[in-house]
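J.: The primary structure of each chain is shown beneath.
2 protein chains.
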Amino acid sequence: MNPNEGDVRRLRVELGPQSYDILIGPDLLKRAGAEIAARLPGVRCAILTDENVAARHLSTLTDALTEADLSFETKVLPAGEKTKSAEYLLGAVDFVLGTRMERGDVVIALGGGVIGDLSGFVAGIVRRGMKFVQVPTSLLAQVDSSVGGKTGINSTHGKNLIGVFHQPSLVLSDTNVLNTLSEREFRAGYAEVVKYGLIDRPDFFEWLEENWQAVFAGGPERGEAIAVSCQCKADVVARDEHEDGDRALLNLGHTFGHALEGATGYDSRRLVHGEGVAIGMALAHRFSVRLNRCSADDAERVEAHLVATGLPTRLSDVPGDMPPAEALLDYIAQDKKVHRGALTFILTEGIGRSFIARDVPSSEVLAFLRECT
Amino acid sequence: MNPNEGDVRRLRVELGPQSYDILIGPDLLKRAGAEIAARLPGVRCAILTDENVAARHLSTLTDALTEADLSFETKVLPAGEKTKSAEYLLGAVDFVLGTRMERGDVVIALGGGVIGDLSGFVAGIVRRGMKFVQVPTSLLAQVDSSVGGKTGINSTHGKNLIGVFHQPSLVLSDTNVLNTLSEREFRAGYAEVVKYGLIDRPDFFEWLEENWQAVFAGGPERGEAIAVSCQCKADVVARDEHEDGDRALLNLGHTFGHALEGATGYDSRRLVHGEGVAIGMALAHRFSVRLNRCSADDAERVEAHLVATGLPTRLSDVPGDMPPAEALLDYIAQDKKVHRGALTFILTEGIGRSFIARDVPSSEVLAFLRECT
Ligand SMILES: NC(=O)c1ccc[n+]([C@@H]2O[C@H](COP(=O)([O-])OP(=O)(O)OC[C@H]3O[C@@H](n4cnc5c(N)ncnc54)[C@H](O)[C@@H]3O)[C@@H](O)[C@H]2O)c1
Ligand SMILES: NC(=O)c1ccc[n+]([C@@H]2O[C@H](COP(=O)([O-])OP(=O)(O)OC[C@H]3O[C@@H](n4cnc5c(N)ncnc54)[C@H](O)[C@@H]3O)[C@@H](O)[C@H]2O)c1
Ligand SMILES: [Zn+2]
Ligand SMILES: [Zn+2]
Numbered sequence: 026m027n028p029n030e031g032d033v034r035r036l037r038v039e040l041g042p043q044s045y046d047i048l049i050g051p052d053l054l055k056r057a058g059a060e061i062a063a064r065l066p067g068v069r070c071a072i073l074t075d076e077n078v079a080a081r082h083l084s085t086l087t088d089a090l091t092e093a094d095l096s097f098e099t100k101v102l103p104a105g106e107k108t109k110s111a112e113y114l115l116g117a118v119d120f121v122l123g124t125r126m127e128r129g130d131v132v133i134a135l136g137g138g139v140i141g142d143l144s145g146f147v148a149g150i151v152r153r154g155m156k157f158v159q160v161p162t163s164l165l166a167q168v169d170s171s172v173g174g175k176t177g178i179n180s181t182h183g184k185n186l187i188g189v190f191h192q193p194s195l196v197l198s199d200t201n202v203l204n205t206l207s208e209r210e211f212r213a214g215y216a217e218v219v220k221y222g223l224i225d226r227p228d229f230f231e232w233l234e235e236n237w238q239a240v241f242a243g244g245p246e247r248g249e250a251i252a253v254s255c256q257c258k259a260d261v262v263a264r265d266e267h268e269d270g271d272r273a274l275l276n277l278g279h280t281f282g283h284a285l286e287g288a289t290g291y292d293s294r295r296l297v298h299g300e301g302v303a304i305g306m307a308l309a310h311r312f313s314v315r316l317n318r319c320s321a322d323d324a325e326r327v328e329a330h331l332v333a334t335g336l337p338t339r340l341s342d343v344p345g346d347m348p349p350a351e352a353l354l355d356y357i358a359q360d361k362k363v364h365r366g367a368l369t370f371i372l373t374e375g376i377g378r379s380f381i382a383r384d385v386p387s388s389e390v391l392a393f394l395r396e397c398t
Numbered sequence: 026m027n028p029n030e031g032d033v034r035r036l037r038v039e040l041g042p043q044s045y046d047i048l049i050g051p052d053l054l055k056r057a058g059a060e061i062a063a064r065l066p067g068v069r070c071a072i073l074t075d076e077n078v079a080a081r082h083l084s085t086l087t088d089a090l091t092e093a094d095l096s097f098e099t100k101v102l103p104a105g106e107k108t109k110s111a112e113y114l115l116g117a118v119d120f121v122l123g124t125r126m127e128r129g130d131v132v133i134a135l136g137g138g139v140i141g142d143l144s145g146f147v148a149g150i151v152r153r154g155m156k157f158v159q160v161p162t163s164l165l166a167q168v169d170s171s172v173g174g175k176t177g178i179n180s181t182h183g184k185n186l187i188g189v190f191h192q193p194s195l196v197l198s199d200t201n202v203l204n205t206l207s208e209r210e211f212r213a214g215y216a217e218v219v220k221y222g223l224i225d226r227p228d229f230f231e232w233l234e235e236n237w238q239a240v241f242a243g244g245p246e247r248g249e250a251i252a253v254s255c256q257c258k259a260d261v262v263a264r265d266e267h268e269d270g271d272r273a274l275l276n277l278g279h280t281f282g283h284a285l286e287g288a289t290g291y292d293s294r295r296l297v298h299g300e301g302v303a304i305g306m307a308l309a310h311r312f313s314v315r316l317n318r319c320s321a322d323d324a325e326r327v328e329a330h331l332v333a334t335g336l337p338t339r340l341s342d343v344p345g346d347m348p349p350a351e352a353l354l355d356y357i358a359q360d361k362k363v364h365r366g367a368l369t370f371i372l373t374e375g376i377g378r379s380f381i382a383r384d385v386p387s388s389e390v391l392a393f394l395r396e397c398t
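Same order as they appear, the protein sequences are chains U and Z. All you need for our numbering is the position in the first sequence, starting with 1, plus 25. All you need for our numbering is the position in the second sequence, starting with 1, plus 25.
Calculated from the structure, these hints are not laboratory results. All clues stand as given, with none of them false.
Chain U is faced by these chain Z residues, among others (derived, beta-carbon under 10 Å):
#, residue
1, Val118
2, Gly154
3, Gly188
Ideal Cβ positions, reconstructed from N, Cα and C, are used throughout, including at glycine.
Could you put together the complete structure from these sequences and hints?
T.: Right under this line is the structure:
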């Protein structure tokens, strides 16, 4: 499926003149300079990163740039979701403008989804659009946020409400940088990997059931899992670049997941995004069983795999008190906007057979949540 | 050239799926609701405007929206260039998010270029892109800033350095709203109208020589001049949507003009943008004469027309002291970035025959400026 060069997989995201490569493989960071220079010769680089990632991986990147004769300047931001704010956006924009780089120069995002989303937005608005290279360092960023061109920051009105679509020129996913990620962060990112199998790749889900330990351990299976995930996301995005239709499938597990994130006050000690998605996917399958769309066997198989990897699947797996079903439904309604009492949900007819349901009665959701809580 | 409906001229800007209409004519503001509803049925409207324009024209717009059953919310910003800042951008974004409008709803810019540039940027980044309608109320905005999709704000590092390309769904240019514009603002906008004739429409320039008084007075000639100007800008933009090549022709008069704006500290009491452009265009023609590219007759004819309308054409027309030639050259070099002592300039071979010269020695520019000061 993916043409390999040595251990490196190359995936081409076809978006006409904005097509780009995703490279996935071990120790790619050491080749970052060469890969960037091959595509953007002589470019100047503005690196944005966070303090955790900088401590572990920044010098590998800057050494690689130096070796390829590319000049760079770096800004290190605090780690964490709070960095996706107007304040840090403006600071980063000011940093890039201060380097006097031009539109043809490049912003490099070295970090997880937070750095990727912020840096892509910066690249999208400085001089009305600079070049952009993603070097995702979390599993979530490698399989999800670095693909698709969505960039942005949060607002007091909600998450990811301010941003632009801005495609990168290149995505460099070094599978070994993930070795410094905490087990919990890795596992949370893995929930999104499982999601792709559940959306429309039953074979991939089966492969994950057999190979997840190798994916966690960092063998070549890790690169394979990341490549298939990126391909799956890129396929959906290519069908729907600006997010009006099919892209909604990527929200499998996210409607319930976001409600749980809201209900736990986005407190990462209690729940991180991928954990919410894991519970959300398990719930989406069980809810589909309840609506007679999915077999109980498939729902149990999904749950069993998530449990095997250490991911939560039940509301009771979240430490601390959960609000009652009614309150959870309110979070869902806030997230999705109710149309005449009906909600849009991603449901499934079984493993790898998810679909968009646009008319799920909120009364059914409430009844289901009452059973769960 | 422009299909008319009654007094209204309709121009189609062809940009594939992002194509849109520019409507130009008297009292169009009264029809704004109907025209918007015809293209964006049932849309909710977030109006951004400035205090000067709100006092004169806001109620006409909101009455028209109400008549067309479109709901709206309004934010009135201070008038003036300072409003094109990160602070007002964030305030406007927050206002639009606070209305809970969706991606399919519309931001309406009612005002001059400042409001248009800011509002377009807001529309471009709220929810990664909302609909956008321009209702330009200054002549400059009608003939220049409302066409082409450039939006943005200023930074401490320079003007218009932060922004996006975001095309409107519709531009409504009411030729009568210009009647409340000050004579000086109207005249400054007129300099940009003359620019289009000088770029590549010698017949239009000749027509302006004969009809400029009717354009100023507000007859049907005003609509004609605006329509031709928009067509000229749209043609250049269609050839070069993201500004890498031909679009540079639109900078005729602007290299010298920006230097003068810089040298006068952007003090609008001394010089407004269009006045700088008028002087810049006169200088560009005289400089082309000096370089043996243009006849002295043509340069004099350009100057005579600008003088007839009351526009400045000489450095000495600017009240207060001008810095010496060396300092002006520094402003030019800052604006254009010098490549090995050579500058890119828009020069001309005569009226309507301008061209991009990429290798003008800065020594020639300096010598010319010494003659002028
Ligand atoms: N743009 C999109 O399409 C999209 C899709 C999904 C998620 N997102 C966004 O992504 C963000 C979440 O991404 P995330 O989970 O990567 O969060 P993150 O960027 O905050 O990274 C998680 C933590 O891991 C640390 N980290 C990252 N790489 C590391 C490494 N190699 N070694 C050690 N520590 C490392 C970070 O410093 C941080 O503390 C959210 O803001 C979400 O909205 C965006
Ligand atoms: N986006 C582009 O392609 C582009 C092109 C050229 C210029 N611009 C930008 O446009 C801006 C200048 O535009 P401008 O000259 O319209 O400035 P402006 O918006 O500040 O308007 C000038 C003044 O006229 C007032 N005004 C506007 N319409 C009026 C009316 N009908 N009656 C009474 N008063 C009215 C305004 O309140 C303001 O005080 C600059 O910021 C420039 O960078 C952008
Ligand atoms: Zn997710
Ligand atoms: Zn101008």
